[in-house]
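Each chain sits in its own coordinate frame; assemble them with the hints.
The primary structure of each chain is shown beneath.
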Amino acid sequence: MTARNGPPTRAEVCAVALAECFRGNGEILANPIGTLPTIGGRLAKATFEPALVMTDGEALLVENILPVGVEAPEKVVAGYNPYRTMFDVVWSGRRHIIMGASQIDAHGNQNFAFIGDPMKPTAQLLGMRGAPGNTINDRTSYWIPNHSTRVMVPEVSVVSGVGYDRADALGPYPSRYHEIVRVVTNLCVCDFDTPDHAMQLRSLHPGVTVDDVVAATGFPLAVPSDVPQTRLPTDDELHWIRAVIDPLGLGEQEVPNP
Amino acid sequence: MPVPDKRVTIDDIVATVQDGMTVGIGGWGSRRKPMALVRALLRSPVRNLTIVSYGGPDVGLLCRAGKVRKVVYSFVSLDSIALEPHFRNARQSGAVESVELDEGMFLLGLQAAAWRVPFLPTRVGLGSDVLRLNPALATVKSPYADGEELVAMPALELDVALIHMHRGDRGGTGQCLGVDPYFDDLFCMAAHKRFMSVEKLVDTDTFLEEGPPQTIRINRLMTDGVVETPHGAHFTECVPDFPRDEEFQKEYAATAKSDDAWDAFRAKYLDVSEAEYQTAVSR
Chain V
1 MTARNGPPTR AEVCAVALAE CFRGNGEILA NPIGTLPTIG GRLAKATFEP
51 ALVMTDGEAL LVENILPVGV EAPEKVVAGY NPYRTMFDVV WSGRRHIIMG
101 ASQIDAHGNQ NFAFIGDPMK PTAQLLGMRG APGNTINDRT SYWIPNHSTR
151 VMVPEVSVVS GVGYDRADAL GPYPSRYHEI VRVVTNLCVC DFDTPDHAMQ
201 LRSLHPGVTV DDVVAATGFP LAVPSDVPQT RLPTDDELHW IRAVIDPLGL
251 GEQEVPNP
Chain U
259 MPVPDKRVTI DDIVATVQDG MTVGIGGWGS RRKPMALVRA LLRSPVRNLT
309 IVSYGGPDVG LLCRAGKVRK VVYSFVSLDS IALEPHFRNA RQSGAVESVE
359 LDEGMFLLGL QAAAWRVPFL PTRVGLGSDV LRLNPALATV KSPYADGEEL
409 VAMPALELDV ALIHMHRGDR GGTGQCLGVD PYFDDLFCMA AHKRFMSVEK
459 LVDTDTFLEE GPPQTIRINR LMTDGVVETP HGAHFTECVP DFPRDEEFQK
509 EYAATAKSDD AWDAFRAKYL DVSEAEYQTA VSR
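Chain order of the listed sequences is V and U. Quick note on numbering: the first sequence equals residues 1 to 258 in the numbering used here. Quick note on numbering: the second sequence equals residues 259 to 541 in the numbering used here.
Excised from the complex, chain U in its bound form (with noise of 0.2 Å):
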């Protein structure tokens, strides 16, 4: 079959995350997020990042190892821990800037980024503090009869977006096997280089055995590397593969309360290989 082979490394991938790129991350909460490469990162030099993230434990875990600059975010969620504590943390210091968007707007922003646009109106934000929040927002009129005038939401063009798929071949076509694909094929097309990781790399002719056409959301035209990473969700959702891992992610929101809680939790966890981290986490 004349499929390219687009498999890289996850060194390979977090050596294209340069000091002060925007880093989209895919997945939605604590679910499907790209893990493996968010730990990698974690393990990297690279520092003053904004992330664009529906956002979950990557965000909370990027802010307290002091990866990042900026959020932009609608909210930031552990789903069963409603709110993540060490985002939470990292904002109540002062550590982070904040980007406060509706997540409709955030949905805009990527579209408006994959289209090649350099907005889309909406009437969502008007009214609300979204507007005073970022004052370099703007309006926009309707140039026809109604003359309405709406918020016109601006690209959110991402240097590198990563995310995370049940299934991958090696030309880096993806399949989502959960039932809610989120938003993980937009972060991908508002990219400039886009990195998947998948729980199991297959072949392109197997795909159909796993589910229908349907479920391959990810095209190889949305993509420029592809890494094998199974268990690389963990510990966010990733069913039918698995479900969260509830107890590990109590012990990771606890480590919010003290320095100490999290440098053991971080020697135990982060300052690890991939590999050791799933050794580690296998009980």
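Next comes chain V alone, as it looks inside the complex (with noise of 0.2 Å):
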């Protein structure tokens, strides 16, 4: 554990954008997945959210912030959550989730499941696992650490989970707890805050131009005439983050410095 000074990283921007993804949300389970996902999750429980009901990871709910790729000291444990508990969560609308994607389109339809041929794949990937039910049922954001061609895609192989033009397809009754509140990437932030929900660039990054972004996306993406550049971690975010939730550095290994 050795303490990190210096001006705010690449990885600690995105930890604070993916934390202001659960700005406001309250009493509601906070559960981010991935490493920076994560510590996004618990830098926002440790200040301006601090009512989110968040996981060890497994099927407990803890109270106290957890460090990440260590063992915790110790746990303040204040609720039982195994998976099938977690079904109860999701289906009566009280999660926010922050999934991965292989693939995501424009309207925010997103791919883990495989690419190709549903016979024959040419790349089986992880499958459906709880895309289509989280983002029928719950608020859903999502984190790309890879932003580029590859992963924003004009077509998704397969919809695992639901992106907002298939949602308002459904009608405004059967999709009525569907939203995506926002995609963080390791060059910015979008959001869906348009006409047609189609996904738009909300904030840069630091050191990121539009047109980094627009080449590194594989459709037309939404860009507002000014941009304003992603919120830096204050000191109190840097401290929470450097000296207790990763303390080994770890957001930084997925999202190298530029």
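Please keep in mind that the hints were generated in silico from the structure rather than gathered at the bench. Model, not experiment: these values are computed from the prediction. Take these hints with a grain of salt, some might be off.
With a straight-line cut-off of 30 Å between C-alpha atoms, the simulated DSBU-like cross-links for lysine-lysine are [what the hints assert, rightly or not]: (1) K458/U to K526/U; (2) K451/U to K264/U; (3) K328/U to K451/U; (4) K264/U to K120/V; (5) K526/U to K508/U; (6) K508/U to K120/V; (7) K120/V to K515/U; (8) K515/U to K264/U; (9) K508/U to K458/U.
Here are some chain U residues pointing at chain V (derived, C-beta under 7 Å) [stated by the list, open to error]: (10) V357; (11) G385; (12) S386; (13) T473; (14) D503; (15) F506.
C-beta atoms are modelled at their ideal positions from N, C-alpha and C, and glycine is treated no differently.
Printed below as a string of structure tokens:
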């Protein structure tokens, strides 16, 4: 556990952007999947969103802020949440998940099931997992650590996570619980706050240009005339990340500093 | 104590699994899988199975050994190795069919079978490609004022369920000492024949020395046979008895790279008895 100094890294900017996904969520289960989403979720709970309920990554709900990648010194256990109970949480609308994506399109359709022919895929990936149920029942955000035209595609091979065009086609009543809050990448933050729910650029991480993002995106991304910079971590947030949540610097392994 | 004796051998269990059957396997990913029973299936001549599993190396091994026609799954993962390489190879070569389900639909399918109803309604699947990839999946309209259209997840009936518990008695009661019981009770209740392997067979009156009543997840209404297979979940995790054998899992995963590597692995670890397997892996 070496103390880190210096300006915020790209990974730390991403962690804050991921934390921001949960702003205003209050007392829901914040369920970030993966290293930087977990750092971001725990950062949100430690700072501006203390009512968030979070797991230890397994079957327990814990109230203290756990580190990633190292054995927790102690767990303040305040709940039992095995997989079967997680479905109760999800289907009752009390969760916000941050999932990954092997592919995602302009309307937020997400694929991590497989690529190619269903009978003989060119790439078998994870499978549907819980993506169909997560997206039709609850708020969802996505984390893309490798923003590129391979991931940000015109059309996904399989829709595992439901995007806005699919949800809108179902009609307002069947899709009333569907909401994709953010897509956070290693380059930028995107949202769907457009008239047709097409993905738009919301902010650029420091050092990234609009052209960088457009070149790395395989579909026409809506770009407002004035795109702000992604918010930088505060000193307090940097302390939480460096001293408590990510003492090993695993975030920088996931997103190296440019 | 008036407890029936439902002890069986691994061979008895495997003999009930016939070509073409639908077999449900408990556990989750690379966690608390009935691996001794899976290894016995690998040694048997059975073929054309439909495997229903929250998939881990059970699915990969059975696919690689040519036992599988179809996999009903929502994921197949080794946890510390995200994608199961043998399952990937089997899918990418077109060797096995798949039924793509959301993991919650999977739960509802088992629950419907357990409750003996033809389907359970759910919002899950709407808007996703689950419906496109499973043309047989139907929707159902609510008969009430809301009129909402929902997915009718059909019962996932199993011919045989195979699960692994930490402790069990000769009557077929099973105790889960790990923090997450997963869905093993549902697998049993969804199946016609239900078999449980256990790390350790114990006397019924000692269960409560190991854990509180709620750890006794499997009552004997749910099982037809029980067998003691010490270290039987290896190489998947079976905490608190033992963690996943990550080194062995890496060795297993690496055999997806070449037929020679698989053949050597198979000769050393799979074309041998369970006792010889356990000797080979006790390093």
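Verification of the supplied hints:
Simply put, K458/U and K526/U have alpha-carbon atoms about 26 Å apart, close enough for the 30 Å limit, and the pair holds. At roughly 13 Å between alpha-carbon atoms, K451/U and K264/U fall within 30 Å of each other, so this suggested pair holds. Between K328/U and K451/U, the direct Cα distance comes to roughly 20 Å. Compliance with the 30 Å bound is thereby established for this hinted pair. Taking the CA atoms of K264/U and K120/V, the gap is about 42 Å. The hint is violated against a cut of 30 Å.
Proposed proximity of K526/U and K508/U is supported: the alpha carbons are some 15 Å apart, at most 30 Å. A distance of roughly 26 Å separates the Cα atoms of K508/U and K120/V; the hinted pair therefore holds under the 30 Å criterion. In summary, the hint linking K120/V to K515/U is supported, as the alpha carbons are separated by about 19 Å, within the 30 Å threshold. Distance check on the hinted pair: K515/U and K264/U sit about 42 Å apart at the alpha-carbon level, beyond 30 Å; violated.
The hinted pair formed by K508/U and K458/U meets the criterion: a straight-line CA distance of about 27 Å does not exceed 30 Å. At its closest, the beta carbon of V357/U sits 10 Å from a beta carbon of chain V; the interface hint therefore is violated under the 7 Å criterion. With 7 Å as the threshold, the beta carbon of G385/U comes within range of chain V, its nearest partner Cβ sitting at about 4 Å, so the hint holds. Proximity of S386/U to chain V holds as hinted, the smallest CB-CB distance being about 4 Å (cut-off 7 Å).
Contact between T473/U and chain V, as hinted, is not supported at the beta carbon level, the nearest pair being about 12 Å apart and thus beyond 7 Å. This hint is violated: D503/U has a C-beta 19 Å from the nearest C-beta of chain V, more than the 7 Å allowed. With a least beta-carbon distance of about 22 Å to chain V, the hint placing F506/U at the interface is violated under the 7 Å criterion.
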